[in-house]
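> Going down the list, the sequences are from chains A and B.
My numbering applies: residue 139 is where the first sequence begins, and numbers increase by one.
My numbering applies: residue 333 is where the second sequence begins, and numbers increase by one.
These are computed hints drawn from the structure, not numbers from a lab.
There's no promise every hint is true.
[Said to hold, decoys possible] For each label pair, taking beta carbons as the anchor points, the in silico distance ranges come out as:
id: 1; chain 1: B; residue 1: ALA359; chain 2: A; residue 2: ASP207; range: 40 to 46 Å
id: 2; chain 1: B; residue 1: PRO479; chain 2: A; residue 2: GLN454; range: 48 to 54 Å
id: 3; chain 1: A; residue 1: ARG218; chain 2: B; residue 2: LEU426; range: 46 to 52 Å
id: 4; chain 1: A; residue 1: PRO246; chain 2: B; residue 2: ALA388; range: 30 to 36 Å
id: 5; chain 1: A; residue 1: ALA163; chain 2: B; residue 2: PRO412; range: 55 to 61 Å
id: 6; chain 1: A; residue 1: GLN391; chain 2: B; residue 2: ASP414; range: 21 to 27 Å
id: 7; chain 1: B; residue 1: GLY335; chain 2: A; residue 2: GLY448; range: 52 to 58 Å
[To be verified] Coverage of chain A stretches by chain B, computed from C-beta distances (three or more under 8 Å per stretch; other residues unrestricted):
id: 8; stretch: 313-326
id: 9; stretch: 409-419
If you're wondering where the values come from, they're calculated on a predicted model, not measured in any experiment.
Virtual Cβ for every residue (Gly too), placed ideally from N, Cα, C.
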Amino acid sequence: MFPGKGVRPMAEMSREKIAAVEESALDQIHDIDIDDVIDYVHKDLKRLPGYMDLYRRYLRQRWDVYDLDFAQDARDWTERMTQEERDAFVAISSGFHHGERQVEVELPVFMLGGSEESRIYMSSQIEDEARHTVFFDRFYREVVGLPGESVQEVLDASFEHVSETFVGPFGLLAYQADELRADPDDLAARVRYGTTYFLWIEGVLALSVMKITLSYCRDRGFLPGYYAGFTATCRDEARHVQFGMRFLREAVQSDPRLLSQIHETLRTILAINGATSRRVMLEALGWSAEEVRRLMIRQLTMKLTDVGIGLPPDLQRMIAGIQPELAGG
Amino acid sequence: MTGLFTSEWAEQVRAAVDQGPAEDVRAGKLPSYWQWIENVRAVYSSSWALGVRDLAGAGPHYLRLGWKDGICAEASITGPDDPLQATYVLAADLATWRDLLGGEDPGRIVMYRRLRLEEGDVVRFFRGIYFFVESIAVIGRVPARLP
Numbered sequence: 139m140f141p142g143k144g145v146r147p148m149a150e151m152s153r154e155k156i157a158a159v160e161e162s163a164l165d166q167i168h169d170i171d172i173d174d175v176i177d178y179v180h181k182d183l184k185r186l187p188g189y190m191d192l193y194r195r196y197l198r199q200r201w202d203v204y205d206l207d208f209a210q211d212a213r214d215w216t217e218r219m220t221q222e223e224r225d226a227f228v229a230i231s232s233g234f235h236h237g238e239r240q241v242e243v244e245l246p247v248f249m250l251g252g253s254e255e256s257r258i259y260m261s262s263q264i265e266d267e268a269r270h271t272v273f274f275d276r277f278y279r280e281v282v283g284l285p286g287e288s289v290q291e292v293l294d295a296s297f298e299h300v301s302e303t304f305v306g307p308f309g310l311l312a313y314q315a316d317e318l319r320a321d322p323d324d325l326a327a328r329v330r331y332g333t334t335y336f337l338w339i340e341g342v343l344a345l346s347v348m349k350i351t352l353s354y355c356r357d358r359g360f361l362p363g364y365y366a367g368f369t370a371t372c373r374d375e376a377r378h379v380q381f382g383m384r385f386l387r388e389a390v391q392s393d394p395r396l397l398s399q400i401h402e403t404l405r406t407i408l409a410i411n412g413a414t415s416r417r418v419m420l421e422a423l424g425w426s427a428e429e430v431r432r433l434m435i436r437q438l439t440m441k442l443t444d445v446g447i448g449l450p451p452d453l454q455r456m457i458a459g460i461q462p463e464l465a466g467g
Numbered sequence: 333m334t335g336l337f338t339s340e341w342a343e344q345v346r347a348a349v350d351q352g353p354a355e356d357v358r359a360g361k362l363p364s365y366w367q368w369i370e371n372v373r374a375v376y377s378s379s380w381a382l383g384v385r386d387l388a389g390a391g392p393h394y395l396r397l398g399w400k401d402g403i404c405a406e407a408s409i410t411g412p413d414d415p416l417q418a419t420y421v422l423a424a425d426l427a428t429w430r431d432l433l434g435g436e437d438p439g440r441i442v443m444y445r446r447l448r449l450e451e452g453d454v455v456r457f458f459r460g461i462y463f464f465v466e467s468i469a470v471i472g473r474v475p476a477r478l479p
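Okay, chain A solo, but in the shape it has when bound:
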């Protein structure tokens, strides 16, 4: 059975493709297919790079958010995209307009614990998330046309588009950050936090939103500034996901009882996954609800399998029952 566009089978990446994803500068990144970047996220999950390797990669791949040019995006938005396409796009991307800000704010407490190598790497991820927040601020200000003098005012203007799909997990992360603040070295609390952040928010929600919006941009030839910036963001996510999966794997290897913390957190995430109060016409972006459902399941199971996180039967059933409510689809 053809698996559908949401679940392209993982192929062995050629050396040329890996080099293209790893080394492209921001002004070259529009030539890269989002599927290749997502393959790049997963290619190292079985033999995860070390924290300092990821930090060195960050130094090579860092990009300047102010180098992006949104002039053509603004014309596409007003002159070429339909109202249905704009509505669906904003409904999905607004979750990450707020999400990038949220993780920028919630990550420093995680950096307080762990090894020195982990802390050094984490400083780079916090800078990534701040840059991604500015990316969305520029996109909403210069393309969507939301008003606001400050970053917060633009965030205020887009919150009405944020669905429960994002409010639940990002709210959970905020409360888990509070919990971690009491003792940043509490490994069980770090694992619960890491499950929400690295496995679900980064590994499933972010990559799914990237796949949907970037496929739409590429297929239609729209929003080149967004495509370049969010593809570069996806390449950053590869480091984030690989750090997170390494952290979870090492934590469980050090104390197998911590697996139950991953399971309990996943039970909550999957229990709230199906609830959303509004419908978004994903079809306007070229996606069916079933394709989104398969995409989310695939994103989650690839990480669990590659990192070696086994699941009890109740969680396997919950994953099979994931709803395509990425944004009320």
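Here the structure of chain A is known, so what remains is to put chain B in place on it, guided by the hints.
This is chain B only, laid out in the frame that chain A set:
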């Protein structure tokens, strides 16, 4: 209009959250969303203590709501000198309560961590998060006089 964190307000809140959102509120959101909330509520038997850290110089006050099999069975106000016991204890500053009563989105209050969980299991609390959010929205619609 009753005062915020008075016994009269607590009873009005209990009746309102027990009744749930009005029809016009329900009509604005998908039926499947309300069904999810109904499924959570049907077996819900935890208690919430929703506090203000300082009630205009009178110290911390909490509204305690006790749920029993989906019914909001009890409501009381706990002052700074009273013992406090609840499954989940949450607190915010008075400005957050003012914003809630002024129509601020309770989902955003949660996501921006303006109502902090001070006691209770975070992961289990979030299994009913949209039931909680919609109940907070109902509380925000009960008229109350701010100190």
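> Now tell me if each hint is right for this structure.
Against the structure, the hints:
no.: 1; hint: B/ALA359 with A/ASP207: 40 to 46 Å; in the structure: holds (43 Å)
no.: 2; hint: B/PRO479 with A/GLN454: 48 to 54 Å; in the structure: holds (52 Å)
no.: 3; hint: A/ARG218 with B/LEU426: 46 to 52 Å; in the structure: holds (48 Å)
no.: 4; hint: A/PRO246 with B/ALA388: 30 to 36 Å; in the structure: holds (32 Å)
no.: 5; hint: A/ALA163 with B/PRO412: 55 to 61 Å; in the structure: holds (60 Å)
no.: 6; hint: A/GLN391 with B/ASP414: 21 to 27 Å; in the structure: violated (47 Å)
no.: 7; hint: B/GLY335 with A/GLY448: 52 to 58 Å; in the structure: holds (54 Å)
no.: 8; hint: 313-326; in the structure: holds (count 5)
no.: 9; hint: 409-419; in the structure: holds (count 8)
Checked against the numbered hints given earlier, the structure breaks only hint 6 and satisfies all the rest.
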